[in-house]
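Q: Starting from the known structure of chain A, arrange chain B on it as the hints suggest.
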Amino acid sequence: MRKADRIFGVIGLGLSLWFYLESTKFHYITEFTPGPGFFPFWVGVILAVLSCWLLLDTFRRKPSEADTLRVLPEKHALYRVLFIFLMLFGVRMLMPFLGFPLTVCLFVAGILFSLERYGIFKSIGYGIAYAAVTWIIFEHFMEMGFPKGFLGI
Amino acid sequence: MEIFNSLAGGFAVCMTPYNILMAFVGCLLGTLIGILPGLGPSATMAILIPITFGMKATPAMIMMCAVYYGAMYGGSTTSILVNVPGESSAVITAIEGHQLAKKGKAGTALGLSAIGSFIAGILGTIGLVAAAVPLADFSLKFGPAEFFSLIIMGMLTIIFVGGKSIPKSLMSAAIGLGLGCVGTDIVEGKDRFTYGMAELLDGIDFVVLVMGTFGIGEVLVSAEEFMKVEPIKVKFRELFPSLKEIIQVRWAILRGTVIGFIIGVLPGAGPTIASFVSYGIEKTVHKQPETFGTGVPEGVAGPESSNNAATSGAMVPMFALGIPGSGATAVMLGALILYGLKPGPMLFVENADFVWAVMASMFIGNVILIIMNLPLVPLFASLLRISYALIYPAILIICVVGAYAISTGLFDVGLMLIFGIAGYFMKKADIPPAPMLLALLLGPMMERSLYQALNLSYGSMMTFITRPISATLLVISALMSIAVGFKAVRRARTLVKDEDKA
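Chains as they are written, first to last, in the working numbering: chain A, 455 to 607; chain B, -8 to 493.
If we strip away everything but chain A, and leave its shape as in the complex, we get (with noise of 0.2 Å):
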């Protein structure tokens, strides 16, 4: 833990290097108001205190018991959550092309075949299932209008 929030640290003090940087754009105060750049500005001045304060806290406490736990999980656990965020990502990805039914199918059951290791007609007929009744919900009765792909839907 004493490793992450030493990153954390370190990460909060490049956003608000970013904020600061961002507020110089902008008027610091009007006639009578806060301009602009006022708020990112101290946003970004509270955030780099913020920032020193877990920094040098994390040099400065007793290691506890809570500093042994890992952050990042076994690498089985990473590689699972790594697959689902690129799945998603590709979800993101694929839509326009592929359409929001195709899209659904293919993410349910490349998760289940892939990773909770389901049968590949298991994993196909669930895709279909999932993507069938999110479909009909959103899109026939809600009409939220998905992109379509090349099957017309």
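Hint data in this document are derived by calculation from the structure and do not stem from the laboratory.
It is possible that part of the hints are untrue.
If you only want the chain A side, here are some residues facing chain B, beta carbon under 7 Å, derived [claimed, not checked]:
| hint | residue |
| --- | --- |
| 1 | C506 |
| 2 | G579 |
| 3 | G603 |
| 4 | I607 |
Calculated pairs, DMTMM-like style, for lysine to aspartate or glutamate (alpha carbon to alpha carbon, straight line, at most 25 Å) [as the list claims (entries may be wrong)]:
| hint | chain 1 | residue 1 | chain 2 | residue 2 |
| --- | --- | --- | --- | --- |
| 5 | A | K516 | B | E179 |
| 6 | B | K235 | B | E190 |
| 7 | A | K479 | B | E341 |
| 8 | B | K333 | B | E179 |
Covered, in the sense of this in silico footprint (three residues per stretch, anywhere, with C-beta under 8 Å from a C-beta of chain A), are these stretches of chain B [as the list claims (entries may be wrong)]:
| hint | region |
| --- | --- |
| 9 | 110 to 117 |
| 10 | 129 to 140 |
| 11 | 204 to 214 |
| 12 | 393 to 399 |
Note that beta-carbon positions come from the ideal geometry of N, C-alpha and C, so glycine has one too.
A: For chain B alone, kept in the frame of chain A given last:
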């Protein structure tokens, strides 16, 4: 008398078949997400928002509220039967509840939990009705300066009371404030942090943030491992505790209700803290505190009453002041804005029918929940046998659909994924995402109040100190910060002394 008339009017609005159906759907969804580990009420409500776009505000909010308090009922089921809390507020219930279940008294534990939740839910709603109206009347005196000070106090309380680590909670809130700066600013109408992306001109939608950090983030954490649970079986006839057992826990239920409601009203100290405090008090006042941990009924009834009463308490500042006290009420507040309502004291004036109907629905919802929960617990428990592998892809799809629905575009889906991965690492690093969400919601309100207050006072910062209510709120915030700062300094000094000794 006026309150009773308004409440009667609320019942009249709420008692339509459609509104009752929405209360039922909300209760059912709440119970289900309470039972199934992996998704909390905040994420579920956030996911529901885009789905409810086509609905009117009253039935949509009736359903949202029912999800919130329904989750408190459902959370205890998994705690008692599997020793895996479906909800953070049911963590403490697992201690005594699962021990009772192991002794063959699962039905008693579930029954006491449901009865305690029901009593607390009804009394808590009465408390909400009684407290929200005077508070809303009082807050009609608030101007921009008072609202600015109130938001400062609310945010500090949430961070100081709710977070495990103060610097991390504060940083989470500061990042939320920064995210709140994205979009067109209110002073000069300039685009901040948009980098030419038209989708960001209206700012970052809080639904995208909630579904990312709470929805995707929670699912990724849960999906790290295969989840296999084997619940203890319960028979229908075992679900009703004896009269003797109910009488035995009556004071625990009442204590839990009062504690839960008060803690719920405080910003940041939601149902989870309420249940822990209630458990601690029950242990203190019990004649045989050493028996705690072996299956004491008061240790189930108290915390379960407490977390239910806290949900009603948490709605007091949301309805009366338009200031959310927790992640879940922040989602509700965001939903109110999306439905075109203006949260805050004027809600009672401009949308009285809506507020009273929602409050009245909470009485009906609690009745639905007790009817649903007692006889159907064996059925709900059997849902635990459904593999999580089949549930989480569905949750992820609904998150994608929800993000897509906000602007009918894939930009928000991509943004949600970024927040999702951020939420995952935040959870792993024990950084609370709730302050970030609250700050995203409150940040623009805070900036607007500051701008209006200074405009009205011709730029004089003294307006925050010379106005009595604003000054009082700022003094409370300052005292709270000093107290927390003092505690942090004392802790640091102790550490230095310890290291010197070593």
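Q: Has the given pair, B:K333 with B:E179, been kept, meaning a C-alpha gap of at most 25 Å?
A: The given pair, whose Cα atoms are some 23 Å apart, holds under the 25 Å limit.
Q: Holds or violated: the region 393 to 399 of chain B covered by chain A, criterion of 3 or more residues with Cβ-Cβ distance under 8 Å?
A: holds (count 3)
Q: Under the criterion that the straight-line Cα-Cα distance not exceed 25 Å, is the pair B:K235, B:E190 satisfied?
A: violated (61 Å)
Q: Does the nearest C-beta of chain B fall within a distance shorter than 7 Å of the C-beta of A:I607?
A: At about 15 Å, which exceeds the 7 Å cut-off, the nearest Cβ of chain B leaves the hint on A:I607 violated.
Q: Count the residues of the region 110 to 117 of chain B with a beta-carbon closer than 8 Å to any beta-carbon of chain A: does the count reach three?
A: Coverage by chain A is violated for the region 110 to 117 of chain B (0 residues, Cβ < 8 Å).
Q: Can you tell me if the region 204 to 214 of chain B counts as covered by chain A, using C-beta to C-beta distances under 8 Å and a minimum of three residues?
A: With 4 residues in contact (Cβ-Cβ under 8 Å with chain A), the coverage given for the region 204 to 214 of chain B holds.
Q: Should the hint that A:C506 touches chain B count as held when the rule is a Cβ pair under 7 Å?
A: A:C506 check fails; min Cβ-Cβ to chain B is 9 Å, beyond 7 Å.
Q: Does the structure keep A:K479 and B:E341 at a Cα separation of 25 Å or less?
A: At roughly 40 Å apart (the allowed maximum being 25 Å), B:E341 and A:K479 break the hint.
Q: Less than 7 Å between beta-carbons is the criterion; does A:G579 satisfy it with respect to chain B?
A: violated (12 Å)
Q: Straight-line Cα separation of A:K516 and B:E179 no greater than 25 Å?
A: Between A:K516 and B:E179 the Cα gap is close to 49 Å, so the pair fails against 25 Å, i.e. violated.
Q: Identify whether the interface hint at A:G603 stands, where standing means a beta carbon of chain B within less than 7 Å of its own.
A: violated (13 Å)
Q: Do three or more residues of the region 129 to 140 of chain B come closer than 8 Å to chain A, measuring C-beta to C-beta?
A: violated (count 0)
Taken one by one, the earlier hints fail for this structure at numbers 1, 2, 3, 4, 5, 6, 7, 9 and 10, listed in ascending order.
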